[in-house]
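Got chain H sorted already, so can you dock chain V onto it with the hints?
Number of protein chains: 2
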Amino acid sequence: MLGGACTYISLAASFFTKPHIVGVVGDDFAQEDVDLLSSRGIDLEGLERVPGKTFFWAGVYSHDMNERETLTTELNVFADFKPKLPESYRTKPYLLLGNIQPSLQKDVRAQMTGLHFAGGDTMNYWISDYRNELLATIAEWDFLLINDSEAKMLSGESNLRRAAAKILDMGPHTLVIKRGEFGAVLFRRKGHFMAPGYLLAEVFDPTGAGDCFAGGFIGYLASRGLEPQDEKIDPAELRRAVIYGSVMGSFCCEKFGVDRFRTLTRAEIDDRYNEFKTCTDF
Amino acid sequence: MLGGACTYISLAASFFTKPHIVGVVGDDFAQEDVDLLSSRGIDLEGLERVPGKTFFWAGVYSHDMNERETLTTELNVFADFKPKLPESYRTKPYLLLGNIQPSLQKDVRAQMTGLHFAGGDTMNYWISDYRNELLATIAEWDFLLINDSEAKMLSGESNLRRAAAKILDMGPHTLVIKRGEFGAVLFRRKGHFMAPGYLLAEVFDPTGAGDCFAGGFIGYLASRGLEPQDEKIDPAELRRAVIYGSVMGSFCCEKFGVDRFRTLTRAEIDDRYNEFKTCTDF
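Same order as they appear, the protein sequences are chains H and V. Residue numbering for the first sequence follows this note's numbering, beginning at 2 and increasing consecutively. Residue numbering for the second sequence follows this note's numbering, beginning at 2 and increasing consecutively.
To be clear, the hints were calculated from the coordinates, so they are not data collected in a lab.
For chains that are exact copies, the list does not tell them apart, and a pair is met inside one copy or across any two.
EDC-like mimics (lysine to aspartate or glutamate), calculated; alpha carbons at most 16 Å apart, straight line: (1) LYS107 to ASP143; (2) LYS153 to ASP65; (3) LYS93 to GLU228; (4) LYS54 to ASP81.
Here chain H stands alone, though its shape is the one from the complex (with noise of 0.2 Å):
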């Protein structure tokens, strides 16, 4: 079925502003598939499409949800990706980089000329045997979002609050770390927010939960407008960020795959932001 990083996260985005996405799909993806994205307004410009099959993954997760194993991997199209933005992507204000091979993410980002806020995902792969070059890549970026192993693999600390200090002397000024159900935690130079994991009574399908995380946290900000700064940045606007990357992540996992997004309103996005204010107040 419909998957991928770049899905999650547009479609996720695409509840609080207009995504505009880059990547590349084989000759077999379907068509409803594009109409649903098309049908969130999610400009399809920068989806290349070529000949072959496109990225496929599968895996299967424990009985509580929180491991999963990976079954099959088979990159396919995706293995000579080269991403090309499209002349009228470069300008806009706000980039969230997927999880590709850093220095391709270093090329996309030197093909923007007016950036605000720029920043992106990476994994373990990267972390292990591409270091160099992921840190020359993040080193330009304004945040790094990532989950607490890797935080820990990239950083070589084992503490979570000593982690995040070195990777802010890394590059970004803004840190989310992804603790899956436990929640989140954004961490800057002066202080750092704690964000909870949502309490859903049936996680029915884990897959994506971190992207649209992701896609919340920078769909809401680009709703919002950030100074491109960093000292101008509220900081206020990134723990709403946060929550509301929490939000869509919770929704994520509420149906099997993409499911949840193709009747999600933005009434239940914002009931859900009030929830986790009425379950965290004190």
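Below, chain V alone, put in the same frame as chain H:
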């Protein structure tokens, strides 16, 4: 060195109220440890001294402090412990039952004559091997403090929200599920409250942190005064109690054993309470 649940609970609670403890030690129990408890205003009338050796535990923690392995447990004089409440204790309104055999917890509760708020802790051993006895015991409790894996074991539910709903049907109207470094969740029939774990830059020794949570929780409530009926309990006070519990648990980890409580002040406690506000407000 000095340790044990009763020690940690009463030391933590002593920053909020005057605890009266019931327990047993052997003739090897050091006078300087008695003096520490006394210096914190803890009533030791219910502390029995009997011939033999004091309970002893030793363990080793994993590098990230999230797991521990027991090396030695010697019950010693604790093996034959039958708690007897001094007459002066029986009319007290607040009771926290440490983690011992459920039938003993039940006996202690039955000795109390004017309870406003009573409950306690339990563990996997009692849940799996003394289930009926445990269920009869907690049926009479106002609150249960338990960690997440034990909540799942007790309820037979792997989902935390569903586990909590089942446990609230077993008797307690107030349930706190502790999640170690990830904080705690307060569940009541009308909703829940999520407290993050304090992000320590260094976890020196987590031994006793869960007990200090319990001590801060009940100590704060005792200092405020609670009406005896469930309906009259102010949920905001319970939320604050969970935060004070988290605060006391976090201080516990900063030094070896009980050492942090030798110098801790109420001003430091309130500063950290306010830090929890700053770190969670949005």
